[in-house]
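Asks: As a plain string of letters, each chain reads:
Protein chains: 4
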Amino acid sequence: MRAIEKVQEIRDARWFSNLTTIIIIAYASILGFKTLDEVENQYDLFLRIADYFVTIYFVFELAIKMVAEKRFLNFFKSGWNLFDFIIVAVTLLPLESSNLAAIARLMRVFRILRLFTARPELKAIIDMLIRAIPSIIDIVILMFIIFYIYAIIGSFFFMNLPSGLWENFLVSMLTLFRVLTFEDWTDVMYEAMEVYPWAWVYFVSFVIIAAFVFFNLFVAVIIGEMQKLQEADMKEEIHEDHQKLDIILKEVQSLRDEIKQLKDEK
Amino acid sequence: MRAIEKVQEIRDARWFSNLTTIIIIAYASILGFKTLDEVENQYDLFLRIADYFVTIYFVFELAIKMVAEKRFLNFFKSGWNLFDFIIVAVTLLPLESSNLAAIARLMRVFRILRLFTARPELKAIIDMLIRAIPSIIDIVILMFIIFYIYAIIGSFFFMNLPSGLWENFLVSMLTLFRVLTFEDWTDVMYEAMEVYPWAWVYFVSFVIIAAFVFFNLFVAVIIGEMQKLQEADMKEEIHEDHQKLDIILKEVQSLRDEIKQLKDEK
Amino acid sequence: MRAIEKVQEIRDARWFSNLTTIIIIAYASILGFKTLDEVENQYDLFLRIADYFVTIYFVFELAIKMVAEKRFLNFFKSGWNLFDFIIVAVTLLPLESSNLAAIARLMRVFRILRLFTARPELKAIIDMLIRAIPSIIDIVILMFIIFYIYAIIGSFFFMNLPSGLWENFLVSMLTLFRVLTFEDWTDVMYEAMEVYPWAWVYFVSFVIIAAFVFFNLFVAVIIGEMQKLQEADMKEEIHEDHQKLDIILKEVQSLRDEIKQLKDEK
Amino acid sequence: MRAIEKVQEIRDARWFSNLTTIIIIAYASILGFKTLDEVENQYDLFLRIADYFVTIYFVFELAIKMVAEKRFLNFFKSGWNLFDFIIVAVTLLPLESSNLAAIARLMRVFRILRLFTARPELKAIIDMLIRAIPSIIDIVILMFIIFYIYAIIGSFFFMNLPSGLWENFLVSMLTLFRVLTFEDWTDVMYEAMEVYPWAWVYFVSFVIIAAFVFFNLFVAVIIGEMQKLQEADMKEEIHEDHQKLDIILKEVQSLRDEIKQLKDEK
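Protein chains in written order, with this note's numbering: chain A, 1 to 266; chain B, 1 to 266; chain C, 1 to 266; chain D, 1 to 266.
Bound-form chain A, shown alone (with noise of 0.2 Å):
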């Protein structure tokens, strides 16, 4: 028992998940520069050992969460937890010397997610994004719908223009993705309106719907969840504010009753 409270005082500890942070960015920074070609070659032992003790940390950081538990199954009812030991168990596959081994050496870059579950802000932020979907889809749904009428008539149209970039529904959507991004846009265009001289329409009235609706749209309703986050508590005493005013108003009153009724017994 005594021993699980000094496991937990460890677990809980500021420096034990300063370190941590630490020991993942340091590693990120080597896998990065691992990339450069140069950089492989002289310093391979040293990054063969870097990976080796990474490995080891997260199984040991991984065991203290595991004892520090009651029970151990507690360990996995928590979500981050259970993301923390798939990536730790990913790395641990013995998948070096088999036809995998490019995979899972990629599969390590993944270890930098685990920066998520040693800063709470990082986590605050994702819940805020989690909790503004539901703001947020009906505006994808509304973009579908416009990508999905503008995908089918410009693929009805222009299907057989020579850059092929309307060749079938999935390659027009692309393409008018690359449209909303503004990319090269008067290309496409331009290719369009030497067989159909209308076809600006099609392309200023997309730019104009889809930059309109989705960029404006997208942004007032992200603004909109900051703000409600932001100003939570002052809404709240504007609501207290509110009510006390009905109390309030409520004693004047009866106040006023009690000094009619002394009035009158006189």
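Just so you know, the hints here were simulated from the structure itself, not pulled from any lab data. Among the hints, a few may not be true.
No distinction is drawn between identical chains; accordingly, a pair holds when it is met within one copy or between any pair of copies.
Said to hold, decoys possible - Derived lysine-lysine pairs resembling DSS-like cross-links, with alpha carbons at most 30 Å apart:
#1 Lys250 x Lys260
#2 Lys6 x Lys260
#3 Lys70 x Lys250
#4 Lys6 x Lys263
#5 Lys123 x Lys244
#6 Lys65 x Lys77
#7 Lys244 x Lys260
#8 Lys70 x Lys244
#9 Lys6 x Lys77
#10 Lys65 x Lys123
#11 Lys244 x Lys77
#12 Lys70 x Lys6
#13 Lys250 x Lys65
#14 Lys263 x Lys244
#15 Lys123 x Lys70
#16 Lys77 x Lys263
#17 Lys260 x Lys123
#18 Lys70 x Lys260
#19 Lys263 x Lys65
#20 Lys65 x Lys244
#21 Lys70 x Lys263
#22 Lys6 x Lys123
#23 Lys77 x Lys250
#24 Lys123 x Lys77
With chain A held as given, fit chains B, C and D onto it using these hints.
Replies: Only chains B, C and D this time, still in chain A's reference frame:
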């Protein structure tokens, strides 16, 4: 009478609108993949069946909505019902074998617009956009004036440039719209600067004015509209508080008068 | 005296300003289509007549506004009247046959600016923009400092690049403005990186700083200004409530004093 | 003692700071035009004189600020004074004839930064930006994680593409930054899609996630910070009102108690 109530129940049931939503989305996906060449050849029969099924379902659904009304003509009083009716009716026209077959097939795309009838949240966004129009209309007029003046000046000076981007008023408008989206606007400018070295004044001023007025005012108006909606209840409370304070003030003052009377009477 | 009142009635009538608006827009459309080559040849006479008619109408309208004033010179005291007068006067100058004929024709474009005089909503937006200037001026100065430093450094290091995009201070400013709009900025960067491999620091830092400071602060200030206007009444109410609460507090406290006196007297 | 007061008066005078502002801007303009080749040859003597004059003026201004302090070392306690001192001192170094002459000339550009010392409004904006950093830092970390993962995956799969845009981790980061600004991102995508047809998933997801998270959250945070500043006084009032209502409520309730006592006594 009993039969009508039964039909109305079906019409208003959540499962009925969900079923319609799923069928619309499924059909839209099928229609999208129809444009992928290889798919069309293999699944052609399947696609035809899906088409017949959806047409029949839509007629059936419309019939339910019509029968559910006590008076048949009431059905057409709702704008959304009329909208539904037209979309269904157009795809019922026997144009398959005529010259308009291609157009008729294209019209079916607009069946996805029936999602608006199915999901009330989408109607709400459309309503919000419609309500925002009066606030936006003046910015659009302002924008048109800026475009107009620049288009006339542009087609006056740059009319004979080899690219033909300024050959008449309408083409100049399109070119300015392109500059507004920053799409290869420097190519247009550098071409003009070869003939008129001061042409950068024209382009830079347009980018600053149009992007400034258009983009920022636009965004500000949209965000303002969204916030009006979201803060409507808070403003309502603040306004009510404002009036309640007046009542309380009066009450307290008349209280004081009465106390004074009490004292004077003594 | 009677005649002046009649003229004033006409000047202030809604139908008169609406008529002016319609004539301005119709004339602007005609002027726009005049630049379409084929049209010019066929309808040349019609266009000339429209031109004469609008000129006469404008003189007539201006005359009404002048006559409606009790003292002739009062007319010129309003900035908007002066603005109208100059636009009309310039197009009256007999420059058709002189060397300035082309310029004179161009000046007619600015007649569309008379829409500002006709629609008060447009005046309001312009006023808002003018009022927002003091808030923006410091961001513009900040922006200028950033542009200035980067332009000097850029023209110092990249002066001899073959594209000539940095050949002197002014051209460097233009190139940086282009980078600010993200227009082919990587082409400019890759060219510089061939000579100075670290040049990406220059470009990436400029994009982050200039787009960060310029765009976001700019948007924030504009949105802030718009909200100040929209929430002015709510803030006014909150401020009044604040003062009313003080009055109520005083009233209640003096009430209590008086009650105390009542008790003490007993 | 009298002399110091006189000097302090000069230092704090509005005309003195205005004079400094004008001299800085005039000098910055001259420095800008110095880079125009033709100008340099003709006005070379004039430019040299301006340079000497500004150097002397800056030393003079700094001397006044130093003398105005009662203790000489107090001058260096202010960060802005130190900032001024370094800028002036660097340009005083006799590097004209040495190998560092070019660098020395470049350093003079930073004299424009002394505008910050002259205009307090600019200091305020810089302060606001510095205060906004804590709110932004987590979004920047989030951004870094997204960039990091995409850069590793990108350089893993696309390393051997002929354009060399993914040849190592750092170059991949730069390429992703380019994609973030939408600058010819489809060219990068189409090149990758020739080898990996599914590469559009990588690019489209990056554009959606990075532009979504980065741009919108960023804007939301900046706008939120600006509004916090602007609405600080309103929130203060609402908070004070909240507390005043509590006081009033207590007062009214104790009033009622006393009235009750009055009644009971009878």
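Asks: Against each hint, give a clear statement of whether it holds in the structure.
Replies: The hints, checked one at a time:
When the C-alpha separation of lysine 250 and lysine 260 is checked against a cutoff of 30 Å, the pair qualifies both within a copy, at 15 Å, and between copies, at 16 Å. When the C-alpha separation of lysine 6 and lysine 260 is checked against a cutoff of 30 Å, the pair qualifies neither within a copy, at 70 Å, nor between copies, at 61 Å. Proximity of lysine 70 to lysine 250 under the C-alpha cut-off of 30 Å is found in neither arrangement, the shortest distances being 54 Å within a copy and 50 Å between copies. Taking the closest pair of Cα atoms, lysine 6 and lysine 263 never come within 30 Å of each other, the shortest separation being 73 Å inside a single copy and 66 Å across copies.
For the homomeric pair lysine 123 and lysine 244, neither the shortest alpha-carbon distance inside one copy (36 Å) nor that between copies (38 Å) is at most 30 Å. Taking the closest pair of Cα atoms, lysine 65 and lysine 77 come within 30 Å of each other only inside a single copy of the chain (13 Å); across copies the shortest separation is 48 Å, beyond that limit. In this assembly of identical chains, lysine 244 and lysine 260 lie within 30 Å of each other by CA distance both inside one copy and across copies; the values are 24 Å within and 22 Å between. In this assembly of identical chains, lysine 70 and lysine 244 lie within 30 Å of each other by CA distance neither inside one copy nor across copies; the values are 47 Å within and 50 Å between.
For a Cα distance limit of 30 Å, the shortest separation of lysine 6 from lysine 77 inside one copy, 22 Å, qualifies, whereas the shortest one across copies, 47 Å, does not. For the homomeric pair lysine 65 and lysine 123, the shortest alpha-carbon distance inside one copy (19 Å) is at most 30 Å, but the shortest distance between copies (48 Å) is not. In this assembly of identical chains, lysine 244 and lysine 77 lie within 30 Å of each other by CA distance neither inside one copy nor across copies; the values are 43 Å within and 47 Å between. For a Cα distance limit of 30 Å, the shortest separation of lysine 70 from lysine 6 inside one copy, 13 Å, qualifies, whereas the shortest one across copies, 58 Å, does not.
For a Cα distance limit of 30 Å, the shortest separation of lysine 250 from lysine 65 qualifies neither inside one copy, at 56 Å, nor across copies, at 51 Å. Proximity of lysine 263 and lysine 244 under a CA criterion of 30 Å is satisfied in both settings, with 29 Å inside one chain copy and 27 Å between copies. Only within a single protomer do lysine 123 and lysine 70 lie at most 30 Å apart by alpha-carbon distance; the minimum there is 25 Å, versus 52 Å between protomers. For a Cα distance limit of 30 Å, the shortest separation of lysine 77 from lysine 263 qualifies neither inside one copy, at 69 Å, nor across copies, at 64 Å.
In this assembly of identical chains, the alpha carbons of lysine 260 and lysine 123 never lie at most 30 Å apart, being 61 Å within a copy and 56 Å across copies at closest. Taking the shortest Cα distances, lysine 70 and lysine 260 never come within 30 Å of each other, neither inside one copy (68 Å) nor across copies (60 Å). Taking the shortest Cα distances, lysine 263 and lysine 65 never come within 30 Å of each other, neither inside one copy (74 Å) nor across copies (68 Å). In this assembly of identical chains, the alpha carbons of lysine 65 and lysine 244 never lie at most 30 Å apart, being 48 Å within a copy and 49 Å across copies at closest.
For a Cα distance limit of 30 Å, the shortest separation of lysine 70 from lysine 263 qualifies neither inside one copy, at 71 Å, nor across copies, at 64 Å. Within a single copy, lysine 6 and lysine 123 get their C-alpha atoms as close as 26 Å, which meets the 30 Å cut-off; across copies the closest is 50 Å, which misses it. Taking CA atoms no more than 30 Å apart as the test, lysine 77 paired with lysine 250 passes in neither setting, with 50 Å inside one copy and 48 Å between copies. Taking the shortest Cα distances, lysine 123 and lysine 77 sit within 30 Å of each other inside one copy (17 Å), while across copies they are farther apart (40 Å).
Hints 2, 3, 4, 5, 8, 11, 13, 16, 17, 18, 19, 20, 21 and 23 from the list above are not met by this structure, while the remaining hints are.
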